[in-house]
Structures are given as structure tokens and as C-alpha cells.
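Protein sequences, first through last, are from chains A and B. Per the UniProt record's numbering, the first sequence runs over residues 1 to 436. Per the UniProt record's numbering, the second sequence runs over residues 1 to 436.
Don't take each hint at face value.
Result set (DSSO-like, lysine-lysine): computed pairs, CA atoms no more than 27 Å apart in a straight line [unchecked claim]:
#1 Lys182(A) - Lys25(B)
#2 Lys206(A) - Lys337(A)
#3 Lys25(A) - Lys182(B)
#4 Lys181(B) - Lys25(A)
#5 Lys181(A) - Lys25(A)
#6 Lys182(B) - Lys206(B)
These are computed hints drawn from the structure, not numbers from a lab.
Protein chains: 2
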Amino acid sequence: MSADVPDVRQTRLDNYVDRYAARTKGMTASEIRALFSVASRPEVVSLAGGMPNIAGLPLDVVGSAVRDLVIDHGAVAMQYGSGQGDPGLRDQICDVMRLEGIEAHPDDICVTVGSQQAVDLVTRVFCDPGDVVIVEAPSYVGALGVFRAYQCEVVHVEMDDNGVVPEALEQAIATVRAAGKKIKFFYTIPNFHNPAGVSLSDERRKRVLEICQSANLLILEDNPYGLLGFDGEPQRALRAEDREGVIYLGSFSKTFAPGFRVGWVVAPHAVREKLVLAQESATLCPPVFSQLAISSYLTRHDWLGQVKQFREMYRERRDAMLAALTEKMPAATTWTKPGGGFYVWLTLPEGLDAKAMLPRAVTARVAYVPGTAFFADGFGSQCMRLSYCHPTPERITEGVSRLAAVINEELELRHTFGPLRPGASHGYEAPGPELS
Amino acid sequence: MSADVPDVRQTRLDNYVDRYAARTKGMTASEIRALFSVASRPEVVSLAGGMPNIAGLPLDVVGSAVRDLVIDHGAVAMQYGSGQGDPGLRDQICDVMRLEGIEAHPDDICVTVGSQQAVDLVTRVFCDPGDVVIVEAPSYVGALGVFRAYQCEVVHVEMDDNGVVPEALEQAIATVRAAGKKIKFFYTIPNFHNPAGVSLSDERRKRVLEICQSANLLILEDNPYGLLGFDGEPQRALRAEDREGVIYLGSFSKTFAPGFRVGWVVAPHAVREKLVLAQESATLCPPVFSQLAISSYLTRHDWLGQVKQFREMYRERRDAMLAALTEKMPAATTWTKPGGGFYVWLTLPEGLDAKAMLPRAVTARVAYVPGTAFFADGFGSQCMRLSYCHPTPERITEGVSRLAAVINEELELRHTFGPLRPGASHGYEAPGPELS
Numbered sequence: 001m002s003a004d005v006p007d008v009r010q011t012r013l014d015n016y017v018d019r020y021a022a023r024t025k026g027m028t029a030s031e032i033r034a035l036f037s038v039a040s041r042p043e044v045v046s047l048a049g050g051m052p053n054i055a056g057l058p059l060d061v062v063g064s065a066v067r068d069l070v071i072d073h074g075a076v077a078m079q080y081g082s083g084q085g086d087p088g089l090r091d092q093i094c095d096v097m098r099l100e101g102i103e104a105h106p107d108d109i110c111v112t113v114g115s116q117q118a119v120d121l122v123t124r125v126f127c128d129p130g131d132v133v134i135v136e137a138p139s140y141v142g143a144l145g146v147f148r149a150y151q152c153e154v155v156h157v158e159m160d161d162n163g164v165v166p167e168a169l170e171q172a173i174a175t176v177r178a179a180g181k182k183i184k185f186f187y188t189i190p191n192f193h194n195p196a197g198v199s200l201s202d203e204r205r206k207r208v209l210e211i212c213q214s215a216n217l218l219i220l221e222d223n224p225y226g227l228l229g230f231d232g233e234p235q236r237a238l239r240a241e242d243r244e245g246v247i248y249l250g251s252f253s254k255t256f257a258p259g260f261r262v263g264w265v266v267a268p269h270a271v272r273e274k275l276v277l278a279q280e281s282a283t284l285c286p287p288v289f290s291q292l293a294i295s296s297y298l299t300r301h302d303w304l305g306q307v308k309q310f311r312e313m314y315r316e317r318r319d320a321m322l323a324a325l326t327e328k329m330p331a332a333t334t335w336t337k338p339g340g341g342f343y344v345w346l347t348l349p350e351g352l353d354a355k356a357m358l359p360r361a362v363t364a365r366v367a368y369v370p371g372t373a374f375f376a377d378g379f380g381s382q383c384m385r386l387s388y389c390h391p392t393p394e395r396i397t398e399g400v401s402r403l404a405a406v407i408n409e410e411l412e413l414r415h416t417f418g419p420l421r422p423g424a425s426h427g428y429e430a431p432g433p434e435l436s
Numbered sequence: 001m002s003a004d005v006p007d008v009r010q011t012r013l014d015n016y017v018d019r020y021a022a023r024t025k026g027m028t029a030s031e032i033r034a035l036f037s038v039a040s041r042p043e044v045v046s047l048a049g050g051m052p053n054i055a056g057l058p059l060d061v062v063g064s065a066v067r068d069l070v071i072d073h074g075a076v077a078m079q080y081g082s083g084q085g086d087p088g089l090r091d092q093i094c095d096v097m098r099l100e101g102i103e104a105h106p107d108d109i110c111v112t113v114g115s116q117q118a119v120d121l122v123t124r125v126f127c128d129p130g131d132v133v134i135v136e137a138p139s140y141v142g143a144l145g146v147f148r149a150y151q152c153e154v155v156h157v158e159m160d161d162n163g164v165v166p167e168a169l170e171q172a173i174a175t176v177r178a179a180g181k182k183i184k185f186f187y188t189i190p191n192f193h194n195p196a197g198v199s200l201s202d203e204r205r206k207r208v209l210e211i212c213q214s215a216n217l218l219i220l221e222d223n224p225y226g227l228l229g230f231d232g233e234p235q236r237a238l239r240a241e242d243r244e245g246v247i248y249l250g251s252f253s254k255t256f257a258p259g260f261r262v263g264w265v266v267a268p269h270a271v272r273e274k275l276v277l278a279q280e281s282a283t284l285c286p287p288v289f290s291q292l293a294i295s296s297y298l299t300r301h302d303w304l305g306q307v308k309q310f311r312e313m314y315r316e317r318r319d320a321m322l323a324a325l326t327e328k329m330p331a332a333t334t335w336t337k338p339g340g341g342f343y344v345w346l347t348l349p350e351g352l353d354a355k356a357m358l359p360r361a362v363t364a365r366v367a368y369v370p371g372t373a374f375f376a377d378g379f380g381s382q383c384m385r386l387s388y389c390h391p392t393p394e395r396i397t398e399g400v401s402r403l404a405a406v407i408n409e410e411l412e413l414r415h416t417f418g419p420l421r422p423g424a425s426h427g428y429e430a431p432g433p434e435l436s
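Working from the sequences, and respecting the hints, build out all of it.
See below:
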């Protein structure tokens, strides 16, 4: 039997199992997925999903914009376009980023199919199997999935309420390099972190930049929530301070709508050229109609006024969640206090396991994402991510109340039977759009 | 100096050159790109581009469809969606494929960002570096780019006017396996081949299926042009005869419009599951708005009637090209006679080099794609791809006339100075959307 003829047994479900690429070993469906399909039933309060609440969008404006786009510019809007993205939209993206102190040229930008694809393309361009990517602990589940699909080694670095801990970052770089491994970049979400709900302080921004510059280490700055802060002006991006050492990822998914799948990368010139080639290989070009629809929306509408409305809506929900947590949660439960974005990171009392508890929570009609999803290494079992972006304040209050009752029950069980031994965790699990 | 600190010299243009992944060695910009930007000037007749001619689309129907989609279903159409693709659209895709004899279930389908992304995801799931992919000679430039980006070894198999030569396929499989290498799939475009302009005959379809079944080799059937045949009914797809051994790729780019970037894969269940995980890692989900827009168009419009109009329009252009070639080309020039699709494959008289000739052709205000772009191994220098999809019949006639004059001049030069020695070819070059 020759090399690529698999030994197919009748009892085997997957006839192709011997033929897949090695990278597919990192692609496994989440075991909690089935639970999420239950959690989407209306009687369950889902604090799990990361879907933005787009009910406030001006449908009449968007509807006219897409209609006119077809009628007036259909031959262009429905045709293939530039692999780098529409030049007009790239110009507008520069205006959007200026709000965070970024001075960029449209040539520096590569449009992507949501910023998820930006993470994919950057990793494709930089990472060989076995290369190290440094990420925060916890980190975005969708980015962990990409790093795993490209067979990277993920090294987590401690965070606290002010974002990543600079000394821990410095230490991690030194340790990985001392082991003779290549670090390709430090992936960070400085603003309103998903899932941690914290932001990198001003002081630490400087330190993180210094550390990475002196270590000659690229920063991959993922910033989907930067304009969704509840207090004061948007933070200056890391990219605003360093054009050569920072690759910046942006997205219209949270400031406008995710269904068009438009994000972008800003990268130094040579890297940007590679990204465009990678984009052409991946899709030929990002969706032209989506790009021009967003371009038209930005032109026709007070889009920043709309973002301000989103902020107020999310602020109200954040307030409802924090108030309910304070009122309902048992002692020894702690959580972060986000200044923007969508997420609170909650740590259970010692000895409780968020994943083991999830089926009971869903039975009690509340859902969340267990913390292990946000670690590549099985940590996080005592933690969970709670989203306040989608439900109404009343539903959030009700959901937190149900969750507190479940935690109290767990505490009683533990009191009666002793601490649970958490099962072995698989760490990262494929996210699915609902966990984005 | 530690492992990942590059030696950055001031004279080096790309500061990141030591940090890229090995796969980027296969990602290089085409040297003929600069010429194509000249070729896009209106005085040049471009027989190079593969952009469909969508001028005939009913803009009023599409305009109303997208407007109503926003007004009536905006909260869903602009939100994240399923990683596998919209269930309603997948159901409609089954109807589309039934025209080619395919019986599929919506669960078998994974929607992609154009069928380019389908090639990318299938390769991602199956191919490790060094794995062999068998392709036709010539083959689609965009697929060659994907195989190269995944560091596959590409083995070409001879074609003639009836498509791939079965004996050559059988021989290639045996030779590669005898060398101890793994073949992951046979990539084929059975209908109105890009760039060869030929179709696989009925008899050979059976033989190719038998050969691949007995060799236990997957077929990757890429079929963007299957409904654009000029004579009789659509051919039965290879997938129609074999559900387990064929992965089928389809696209709305040529039957509707490419700017929405919607294609699809039909794969056996286990493979489809991997593809969905790969899609979620790549983009979270394909563009929801695009999918629902196409779904609405298919419902509201006589889309198959529109495809028939496209066919007639392309037939008229094919006829114009073949007539002009017959009338103008010097002896010893040969070309294929496509029964559908967009392309004619032309072979120059012995000793002429299509790539070397291109700058002179562009100066004479006609452009084409040199044949080397469609080979991974530097072959094809005597050939070129001519597209008749976009220009008017009059422009096609004029373009062929200019091209014939350039070829005649080359023949005179050769007569005077002896045969040209073709320069070393780089083989595959990144396509760019304009070459798709």
C-alpha cells in the first residue's frame, strides 16, 4: 500500500482522518457548543455572546445607501476590486483612526474580511510552526484559534486591572528567547479587553512600547472596542507612538455592523505588501459591496454620533451588570470593572469550576463562556466571561441573579462534599461567531 | 544576539525580512503587474482580465433587494451569522447544483468568501508542506498561488482538447507515489477550463473518476463556469457521480456578480466539519449581508434567465474572437475552441516567447496573460491566455488584429536574428483579482 492510501476501516466515521494536514489537530469543535445552541433559546439569558447590539442603526439611511450603491455604481460595487481594499474606504479609515492619534496613509492599510481575517493574515505572513506568540492571560478566543491553526506556541503573560503587567512581559520574552525559541509578535488588546474587561494604563503603554522596542519585538495591537469607551476621549493607540514596531487591527463590526465583515490592518510598508499578497491568495479581494456600503454609510450619516449612542447604550448595560453583581454575588467572587467595550471577567470563589458549572447554569436559564476558552494552556477554570452587550438591562439583572443562585448552590455542594476536582481542560476551543 | 533579533542593516529596505514565515517565499508580486496597470488604460484592448461582464444585471431588482434586506431584516443581515453560511442560501445552492446533476443536502455545504477562499480552506485542511497536489497543465493561477502559499509540491498533468489525459493522470499518480510522496488531491476544472478553454469529455469523466477511486485519491472539482456553456444542457458534475470522493467548489461570481464574494464547497460530512472550523478561524463567518443579498436576488429574479442572457453575450464574444483569430493569426499559431466560459488558450509559433513579447504587445495597445503564469514549473512560455469575457466584439476583433501584427513582427525578428532564448521563468506569480 503506497504512502497516501489510508487504512480505511468500516468502523471509522471519518474516512479522511489519515489525510488531513497536521494543523487540523488544533481545529476541534468546542464541547460547549451544544450548550450554546440551548442557550440561544429565548428563556435563557445569554451573557455568553459577543454580538454587538445593532438595533439602534438607522435602517433607512443604510437601506438607501445600499440601494443607491447598486443603482448608481453597480458595475463597480458588484465587480472584483483591489486586493488591498477600496482606496476611498482606506482614506476614510485614516480619518477613523485619527480619533486615536494614528497618522496613517491609505497605502498603509489592507482591508480584511473582519479583523478576524487580519489576525489570520498577519499570522500567515509571520508564523512558522513552533514559533512563539506572546498573548495576554486571558486572550481573545478567536485569536488563540488562529495561532493554534498555524501551529504556533502560545505563551501567556499575566494581566491585572491595568492591563498586561510589563515585568511579566519582559520576563516572558527573556525566558522564551533563553530557550532558543523565536517570538514573532506580542498580541495585545489594549482597550476594553476581550475577555478581561480591563484597559492598559497610560504609564504601562509607554513601558510596553519600550520593552518591545528594546527587544525588537513586533506588537500586534487589536483594537475593535477603542471607540466604545464610556469616559472621556478615546485612548491613544500604541500605533500612534510607533509606526514601525506596531501592526494595528481595526474593525467596523462594533462601531457599525459585523454582517458586512470589514476590518483592516495598518502595517509597515514591507509587511503590508506581504499582507496584500496573502489576501489575494486567500480571497482575491475582500467583499467590494461591503466596503462601498460602509464607505457610503460613513459619508451619509453622522457615524460618530451613532457610536456615541452605542456607547450610552452599552454604558447603561455595563452599569446594570455591575450593580447586579455587587448586589447578588456571594463573597469571594471578584470581577473587573470595564470602562468600555462588552465584557466583565468574573473569578469564582476558590474551588469552583466554571466549565463544570455551565450545564447547571444553562438549566437555571443563564449562560456565560467558561474562562478556559480564553487560555491556550488549560488555565482559567475558575473564571468566566460575562457579556453585557446584547440583553436589556432588566434581562442582565435577571441573568446575574440566576447566576448568583447557581454559584451559591455550588458553594453549598462544595461545603457538603468538599472541593470539586476540575476535569482536564482542552484549553482553547474553536470559538464560533457567537463567541466573538 | 538572541534567536529572533534580526540583523537589521540600514541599507535593507525590508526591516522584517528575517522574521517572515517560510511560506512567504512563495508569495511574490508578479513582475507583469506593472504592465497590467498600463493595460487598464482605455486605449489598450485588454484580453488579459477575467472579470465577468455584469453590465446586463437588473440593477433595479438588486437595488430593491438590498434595500428591503436592510429595512426588513437589517438586524439579522448586518449581524454575525453562521460560520457554515446562511441555511436558506445553502438550500438555494442545492437547487443551483441540481442543474448539474448534484444531489446535495444544505448540511453538506460550507459558504466561502468566493470560491478562491474555498481552495484556500480545502488546502488548509489537507495539505502539509511538501504534500503533492496534482493539477492540470495549465491550471488556474489563483489555485496555484494557494498551493504555493501552503508549500505544496505541484505536479502538472497533460491536457488536450478533451481535457486532462487519463493515462497521464494515472502515470503521475504512480510516479509520485513511487517516490514515496503523499498526494492530497487532484485539482481539476472540468468545464470551460481557466485558462485552457477546453472541457473534459463524457468518456474521460468516467475514466478520471475510476482512476481516482481506484487510487483512493480525492478530486477537488472547481466549477465556476459550469452554467456558462454555449451549447445544450450543463454537463453533469463529477460530484454528481461520486459523493465521497469529490469535493466540489461553486461560485456566484460568474452567474451573478463577484463583488459580493460568495462561493461554496460541497464536501463529505467529516471534511465539511473541518472546513467550517477553518472558516471560523479565518473569518468567524462569511459576509452575512452578501449571502442574504444573493439569496434575495435568487428568489426575486429569473436568475437562470439572466444566466442564459450572459451565455448569449459571452457566445457572441467567443465567436468574435475565434473569427478574428482564424482571419488574422499567422500559420503555426494554434488555439483552443471553448464551448463556454471566458478563455481561449493560444500557442505561438515555435520559438516565440509570450512573456518576452508582452511589453511590445502593450505598446501596440493589446494585453494578454503569458502562459507561464498558469504553470508552477516555468512551462508555458510559448502560450498565452486570451479572455473574451469583457470587451465588446468590435474591441475583441481589434485586439486580436493588433496581437496578430505583434506576432508577425516577432516572427520577422526571429527570421532576421534567429530564435530568442527565453529568460528563466519564475513560474507562478501572484495573480491579483484582475487575473482571476
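Consistency of the hints with the structure:
1. Lys182(A) - Lys25(B): holds, 18 Å
2. Lys206(A) - Lys337(A): holds, 23 Å
3. Lys25(A) - Lys182(B): Roughly 18 Å separates the two Cα atoms, so the pair holds.
4. Lys181(B) - Lys25(A): Status holds; Cα separation ~21 Å.
5. Lys181(A) - Lys25(A): holds, 22 Å
6. Lys182(B) - Lys206(B): holds, 24 Å
Going down the numbered hints, you'll see the structure goes against none, and every one checks out.
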